[in-house]
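Engineer: Here is how the chains run, residue by residue.
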Amino acid sequence: MIEVKNVSKKYKRKQVLKDMSFTAEKGQITCLIGINGAGKTTIMKSIMALTPIDRGEILIDGKKISKDAYEKITYIPDRLTMSPNYTIAQSFEFMADFYKVWNEQRATELLAFFQLDPNDKISSLSKGNTAKVNLLLGLALDVDYILMDEPFSGIDIFSREQIANVFTSHLIENRGVIITTHEINDIEHLIDKAVLIGDGRVLREMNVEEMRETEGKSVVDVMREVYVG
Amino acid sequence: MNHYIKLVNFEVKRFSKLYLSLIIAVVAAQIIGAIVTSSFYVSNAETTMVRDQMTVSDYILTYGAYSLQNFLFSEYFFLSVIFAAALLMIYVFFIWYRDWLGKSSVIYRLLMLPTARRNVYFAKLTTILLFVFGLTAMQIILLEVVNQITQRIVPDQLWMDESIIYIYSTELLDLLYPQSPLLFVFYYVIGITAVAVIFTSILFERSYHLKGIFLAFIYCVISVGIVMVPVIVQIITNYFYTNEIYLLVTGFSVLTTALAIYLADYLLKRKINV
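So the sequence lines, in the order shown, correspond to chains A and B. So in numbering that gives the first Met the number 0, spot 81 of the first sequence is number 80, and the numbers just go up one at a time. So in numbering that gives the first Met the number 0, spot 33 of the second sequence is number 32, and the numbers just go up one at a time.
Next up, chain A with everything else stripped away, as it sits in the complex (with noise of 0.2 Å):
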């Protein structure tokens, strides 16, 4: 599990995260919502500690992040994060030096299902290609935990489906995901739990379904009522 607590950040002047809690289960997906600015970028690289925050502490399994956990969580930034001069298969091989948990077989089986060519070099992709390469780098490594931010952002509507139908397929099975988007609508049908963030504090934090049964309430209605009022 994922543990972030009383987590507080500030940066410049502004408070970005204020006091921020909540929990991602394994075997669950968790979608961070809110608009740009709420902070959600901010708390997945808190969580990789690719930035400092102020107050709080955030475990993995029970544990601080060490050097050992980067083999058991993995963050898909929306952004590309290997050198744009490599091919995807220097990219491949760049992997499987570094990460033991790195899976060869399930890269190129990802490569087959986004239909990517591995000799392309990374920086004459277009902006939907990348955001597959970017998916497939993380999603080929045998974590645990998997925290994606914004990967429908910006791509056309066929990336967005094949991504989309990643996280119905066994690549996301039995894994923990923290997915931020602010456009709900593409994952709604996928997500088990949701937590609503603004103004860099968790305004509402629930299980989809156990909503949709006791309340009869759809995430964006929920969404609705805490944002809009």
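Quick caveat, the hints were computed from the structure, so don't treat them as lab data. Here the structure is a predicted model, which is why all the values come from computation and not from measurement. Note that the Cβ used here is the ideal one computed from N, Cα and C, for glycine as well. Careful, some of the hints might be misleading.
[As the list claims (entries may be wrong)] Which stretches of chain B does chain A cover? Using the computed rule of at least three CB atoms under 8 Å from a CB of chain A, they are:
#1 1 to 14
#2 98 to 104
#3 112 to 126
#4 264 to 271
Please arrange chain B on chain A, whose structure you already have, making use of the hints.
Structural biologist: Same frame as chain A, but now just chain B:
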């Protein structure tokens, strides 16, 4: 250790094309320079000897024979060395900033590798050192090539052979290849310290942004201060021999490098911001 070597390999590969271009440029500039300076000398000597009805001995007595020194004091040699040094100096900054500000944010990947983050720092530092040593080693071979080319252009009567020790005591070469082991260690330790301090300053800036520039400045001043302690003591007391000063400054530089590594490790672990 394994990850560190792989990271060095990664960094070296990333700069290899530009580095190879730099080597080609330096080699071309110096070979062209050797041909131009020696040909100019020979043609000038021939014209002068005919015009002034001088013998070769008269000419050498008046204008001097041609030696490798003529090339070493030419702009072809000087500018090519300065150009290579300047490019490497720029790369000291570029090696970090390209990971943040390039087309892709490679720094995300580097910081999420299952290895101690200080390995990223060490790998970049090692890469810079490898490039520096590579260039200085290449320059030794290149000087011999230049020597051979020049000897073929300049007639024997106008050529003056010089000892290696004499050639390498020329200003710029003496800086690149100090003949005293103490000075050699001194220059290269100072160089390593300078790169380590610049790297840590960059990490201050990357961790604290605008405030980081101020912190980096203060940190640089303190680092220079530590390295200069023996020199300041010497100015006040005039107590040490010159060689002792070199030794002490080398020792204080090692301390400064250790501090730079400690701070970089702390910043990469606790304060870095991507």
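Engineer: Now look at each hint and say whether the structure bears it out.
Structural biologist: Hints and how they fare:
1. 1 to 14: holds (count 4)
2. 98 to 104: Per the Cβ count (4), the hint holds.
3. 112 to 126: Answer holds; 5 residues pass the 8 Å Cβ test.
4. 264 to 271: This one holds; 4 residues, not fewer than the three required, reach chain A with a Cβ under 8 Å.
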